[in-house]
Every structure is written in structure tokens, then in C-alpha cells.
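Using the hints, position chain B against chain A.
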Amino acid sequence: METIYLEDQKTLIFRISEEIDEFKAKDIRRRADYEIERFMPKRVIFDFNRVSFMDSSGIGMIIGRYKQTAMLGGKMEIANLCPAVRKIFEMSGVLKLISEVNLQNEDLPELKEKIV
Amino acid sequence: MNMENEMKLEFISKSNNEAFARIAVAAFVSSLDPTIEEISDIKTAVSEAVTNSIVHGYEDKIGIIHITCKIINRKVFIEISDNGKGIENVELAKQPLYTSKPNLERSGMGFTIMESFMDKLVVESVLGVGTKVTMEKEIKELPKTEGLTLEEALRG
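Heads up: the protein sequence lines correspond to chains A and B, in order.
Quick note: the first sequence uses this note's numbering, first residue 1, plus one each step.
Quick note: the second sequence uses this note's numbering, first residue 1, plus one each step.
Keep in mind that the hints were calculated from the coordinates and are not lab data.
Hints should not be assumed to be uniformly reliable.
[To be verified] With beta-carbon atoms standing in for the labels, derived distance ranges: (1) V126(B) / E110(A): 55 to 61 Å; (2) E37(A) / P102(B): 36 to 42 Å; (3) D33(A) / T35(B): 34 to 40 Å; (4) Q104(A) / D119(B): 36 to 42 Å; (5) E90(A) / V90(B): 22 to 28 Å; (6) Q104(A) / K120(B): 36 to 42 Å; (7) K75(A) / P102(B): 21 to 27 Å; (8) I64(B) / A70(A): 40 to 46 Å; (9) S52(A) / E136(B): 20 to 26 Å; (10) K75(A) / D60(B): 40 to 46 Å.
Heads up, the beta-carbon is just placed ideally off N, CA and C, and yes, glycines get one too.
Excised from the complex, chain B in its bound form:
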């Protein structure tokens, strides 16, 4: 079955919107009938990206975070962007356990989680302009259950 769908979200960079953002994306993706693990991976990756925009991009100033989410066949494409201060060195920021704010008890795992929980991660950033994170994940089709369908069973 060919299926296409798209949604956009915009919200201000307050950390109590982190839950809203990941739950909205999860609800949008739920039409693909993902497993609990797939949905939890997507929620975590969204939470990491949105937290980065709030804590690092806008540094607790108020700005707008944009999310665009597309479904094409069984693939989910999520784009999360901000107009914050940007990342000076994206490769360094993506290193496991690297954090620019060690004093804030940040674990430095954000990009590592996005990378390993999703199939694909692209980070584009321009200093003083903002950062865009694009992620992709395929939702596996569940194997057909063995045996007769209800219809076949009723027909005998």
C-alpha cells in the first residue's frame, strides 16, 4: 500500500514542550502500527533533538522550534530545526559523551542516541543562523500472523 502523509508543528522553546513534541510525533507515526520499541526510539530521538534546540540552540531564551514529519510508504522522515546560535563544530558535537555544557550535568549522548535509534541522521548547522536535524526511520511491517484470518475461519 502506498501511503503519504505530512504534518508540521511549531512551538516555543520551553522545556515543558519536550513532552508535547515527542508525543505529537509518536501519535502521527502510530498510523504505521509501529512496535513499542520503534515508537519509544522515535520519542527518544525527538526528545534529544528538541532538548538540544532548547538548551544549546536558544540557551533558554525563547525562540521557535519547527518540526516537519513525513511518512512515505513505511519510512518516517523527521526534521527538527531552530533559529538558535548554531553549532561551531558538528563533528565534535556528535562525538559520544562530548558536551559543551558539562557543568549542567549534560550526558553528551544526544546525537549518539539519535544516530543509533534512527536509521539515518543528518545535522546541518550555521553559526548564528540555526541548526536543522533530519532523521529517518523505517517502520517494519509486522509479519502476518499464522493460520486463518477471521473471515476464512467463519467461511469454514
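Same shape as in the complex, but just chain A:
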């Protein structure tokens, strides 16, 4: 997982690049909580672009980070769900709670620089 913090927009982006199961979810949870507490962002985005597999452990992990972010006064969003990951998200009902963003349409010039 790669962490990008855009200081001027107080936006924290996690680009997950592993398959999310119970084993990996523990690690993502620990690292994400550390960064969220460190930066106290206004906005947190979990980018699933490189995630090809996720089981229900991922849902538990995402709901937990959503609460954590909200508790610290921020908003959490998710981006780039592949069909397999979307299927789990849709089943869980989490998409009614957490909104999806299209990172390509976002005005995050600093992020674009960092991706290149």
C-alpha cells in the first residue's frame, strides 16, 4: 500500500496494491490508522485500482476506517472498484454510506504529478 498526502487539500490517499483478505486487512488497518491519526485529514480516499481480490474482511476494514475518519472530523471515499470488488461492496450495502469518487475527474494536480 502506498500513502500519498496532499497537504494543501488535507487529503490522504491510500493506494492499495494487495489482495485484501483477513491477513492483509490487519496490516492495511494498522498502517491506515497510523497515517489518519498522524495527518488528521479532511478527506481520505481508498484507491482500489490495483486490487483484484477482496473478501468480506475488506468490508469490515473499510467500515472501521470510515468510522475512524469520521471521528476525527474527516470524510472517507473510495475509488476504482473492479467488478469483483464492486460485487462485495454492493452486497454489503456499504455504498449507501461511503461515496465513490472518480480520481481521474478530481482536481488533484499534485496527485497527478505523483502518479507520473
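For chain B alone, kept in the frame of chain A given last:
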């Protein structure tokens, strides 16, 4: 074409074996030429069952998880069992969003996913003895592509 195949796996209940288990089953099933969605459904269902055995059955103690996987014609039968503590109330455990461990950020979706991603799910459990999950899924035959086969085309 009539086809039968079978494999067995045994591994210890460490959560870094979750990936191994689902990938091994997916590789075994791949001989049926499943779609990406079918293979992903099977991987997810296996991952849920194995995670249940590790987190709930053995509660992070070390035990053995057994997987038996059979292919009969185009049907896949997967049996995942443990000798863990067992489930007190299987019907309650199968309820969507029910979890016995809410403090661990479990979503309570495991059995619901197995049930809806597979064609059939049976859960048998005896307290203090263990739990066996049996799942079944038919891999659909892909429709024959339109037009001539390569052989026919070459023959003109």
C-alpha cells in the same frame, strides 16, 4: 465429456495461508475453463470459509484445516473443515451481518457471500468437535463461438 477429478489439501490455520488455499482451489478448478467471475466467486467463497475456520474455529490457535475439492462433469464440490470449537447456532451464524466478534471489525457477511456466490451451501457443526462447510457450483459451458472452426476454415 465426462470428467472426474479430485484433490485434497491440509494446512495449518495461519491467516497467511488464506491466499494459498483460494489460489490452489482456483488453479484446480481452472481445468473447467471458468469465466473470471466464476473463478472470483469461488476464490471469495473459499477465502470466507477458511477465514471462519482460522478466526472462529481455532480462534488464532493452531489447528489443521482440510479442503477436499471434486469435479464431477461441470460441477465443483468444495468441502472445507476444521476441528475447532464449532458453531453453537448455525442458523444465527448464517444471518446476514451477524458476527460473534463485532469488536474485531468482522462484517458478518461470510456465510451470506458463500451462499450467494455458490449454488449450494451446507454448514454442519458440532460444538467442541468442529465445522464442515460444503459448497457446490456449476461452471457453465461457454457458448460455442459463431462461424467456422479453424480446421473448417483451412479446408475452405
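Against the structure, the hints:
1. A C-beta distance of roughly 57 Å is found between V126(B) and E110(A), which places it inside the suggested range of 55 to 61 Å.
2. Taken as a hint, the range 36 to 42 Å is violated for the pair E37(A) and P102(B), whose Cβ atoms sit roughly 22 Å apart.
3. Evaluation of the 34 to 40 Å hint for D33(A) and T35(B) yields a pass: the beta carbon distance comes to about 37 Å.
4. In this structure the hint that Q104(A) and D119(B) lie 36 to 42 Å apart at CB holds, the actual value being about 38 Å.
5. Distance hint check for E90(A) and V90(B): the Cβ-Cβ separation is about 26 Å, which falls inside the suggested range of 22 to 28 Å.
6. Evaluation of the 36 to 42 Å hint for Q104(A) and K120(B) yields a pass: the beta carbon distance comes to about 41 Å.
7. Between K75(A) and P102(B) the Cβ separation comes to about 24 Å, which falls inside the hinted range of 21 to 27 Å.
8. Range check, I64(B) to A70(A): Cβ separation about 41 Å, and the 40 to 46 Å hint holds.
9. Hint check: S52(A) to E136(B), Cβ distance near 25 Å, so the stated range 20 to 26 Å holds.
10. Between K75(A) and D60(B) the beta carbons are some 34 Å apart, a value that contradicts the proposed interval 40 to 46 Å.
In this structure, the hints that do not hold are numbers 2 and 10, in rising order.
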